[in-house]
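S.K.: What follows is the residue order along each chain.
Protein chains: 2
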Amino acid sequence: MSSRNETAVNVIFFDVFGTVVDWRKSLLRLLAEFGAREGLAADWPAFLDVWKAGYRPAMDAVITGARPWINLDDMYMERLEQIAGDFGLADLSPAQKQTIVNLWLRIEPWPDAIAGLTRLGARHTLATLSNGSFAWMTEIVKFGRLPFDAIVTAENAKVYKPHPRCYQTALDLMGLASTPERAMLVACHNYDLEAARGHGMKTAFLPRKEYGPDQTQDQAPESDWDVVADDLIGVADKMGC
Amino acid sequence: MSSRNETAVNVIFFDVFGTVVDWRKSLLRLLAEFGAREGLAADWPAFLDVWKAGYRPAMDAVITGARPWINLDDMYMERLEQIAGDFGLADLSPAQKQTIVNLWLRIEPWPDAIAGLTRLGARHTLATLSNGSFAWMTEIVKFGRLPFDAIVTAENAKVYKPHPRCYQTALDLMGLASTPERAMLVACHNYDLEAARGHGMKTAFLPRKEYGPDQTQDQAPESDWDVVADDLIGVADKMGC
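First to last, the protein sequences are chains A and B.
Heads up: the first sequence begins at 86 in our numbering, then just goes up one per residue.
Heads up: the second sequence begins at 86 in our numbering, then just goes up one per residue.
Extracted from the complex, chain A is given alone in its bound form (with noise of 0.2 Å):
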């Protein structure tokens, strides 16, 4: 970026599941050792895939309006119990159901966040701007100890990134409403630049292996995004944070 677009930014949203934090290898040991606590012998790799291959579509179905708003935490228990019987789950108990659900909380930064964030914040205002729940966000940045300053999520718009409400409800509680060049997304997801971009926001792309290393999608900038890097340490880099 030039120096004029670097010091125009005032506030960066950043994507949370994938570019913030490695949810997949922390269920994939937090699933483990539920199940070696419990008791339970499951094939957790194969599940974990299965169970949040739902949270697109169910989204997807919120934007089209094919049916109401509802968190992303309860859509996860939904499909939990859509499909616990398909993996020798059928008899798990509210209480193990919502245990399982609760990983979600305990996930882990990448291990560039932190310092990533931290040099992003001494010049930036940041925010997420998620697809989790307002409560869910507010704890995955708590247990992390992630320096946030906000939390924004698709909650406080009532539908899901992409829509376009999703964006301009974050850039209204940022009063950046008529000035989104102001802020700018950081995300792992090109569909998402695409969507900000569209807002006028400033856009960050870096790759992440978010679903493990046979990842092929999203390993590359799909546009001229403002910034490219490989990771949050190269974001603030090129922010000249």
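Worth flagging that the hints you see were computed from the coordinates, not collected in a lab.
Keep in mind it's a predicted model, so treat the numbers as computed, not measured.
Don't take each hint at face value.
Any copy, or any two copies together, can satisfy a pair, since identical chains are not distinguished.
Subject to a maximum C-alpha distance of 30 Å in a straight line, what follows is the list of computed DSSO-like cross-link-like pairs (lysine-lysine) [said to hold, decoys possible]:
(1) Lys323 <-> Lys227
(2) Lys182 <-> Lys323
(3) Lys137 <-> Lys227
(4) Lys227 <-> Lys243
(5) Lys323 <-> Lys137
(6) Lys243 <-> Lys323
With chain A fixed as given, assemble chain B onto it according to the hints.
M.R.: Okay, now just chain B, sitting in the frame of chain A:
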């Protein structure tokens, strides 16, 4: 509070202006510095009294529906333009007016605030519940290095405290709509706690001299609030943090 109640509180909300930040002392200093810098002589303490006095009536007009939603910073600009002439400030430039309104972004916490919040935050999730705009509150918290986990303000509900929707929105966002007793409000204003209690929230009162040494209002609890303390360190003590 009993130890049972202590452990039941997950999220502690805080009123901010008066309760966490000493806005008047900060603004008296910042206004005097601004006047000296700009060569503007005015009775700044009297100006501040009259400026701040526009706050409650303007918010009440939103609460009653007499006027549509307007953010607190816009209210302060509106009020500044109404009263500037009465204080020999009729010739302020637009930039000077914006500078004056933005002095609110550099108000300092009370001396006990960071220590008290840090202790409370080790065991609880901490969020603002302020009448300030979302962007303003984010900046005030960042400037003061206040260890809040999330920003929630009247702007999230598009109505001011003590309108019920304000408290309900805060509970909804924290996933506590059906368990409001797991939330607490800390405030130096009895009216705010009364409204929070009306929603089933726990309450903590502390007296502040936010209007200066002669303040007589809100110097004592006007009900049997769950916690009464001298300051935020005292709240932490009584919460067993």
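S.K.: Now, for every hint given, state plainly whether the structure supports it.
M.R.: Hints, one by one, checked against the model:
1. Within a single copy, Lys323 and Lys227 get their C-alpha atoms as close as 27 Å, and across copies as close as 23 Å, so both meet the 30 Å cut-off.
2. Neither within a single protomer nor between protomers do Lys182 and Lys323 lie at most 30 Å apart by alpha-carbon distance, with minima of 43 Å and 35 Å respectively.
3. In this homomeric assembly, Lys137 and Lys227 come within 30 Å of each other (Cα to Cα) only inside a single copy, at 23 Å, whereas the closest approach across copies is 34 Å.
4. In this assembly of identical chains, Lys227 and Lys243 lie within 30 Å of each other by CA distance both inside one copy and across copies; the values are 23 Å within and 26 Å between.
5. Neither within a single protomer nor between protomers do Lys323 and Lys137 lie at most 30 Å apart by alpha-carbon distance, with minima of 32 Å and 42 Å respectively.
6. In this assembly of identical chains, Lys243 and Lys323 lie within 30 Å of each other by CA distance neither inside one copy nor across copies; the values are 33 Å within and 37 Å between.
Checked against the numbered hints given earlier, the structure breaks hints 2, 5 and 6 and satisfies all the rest.
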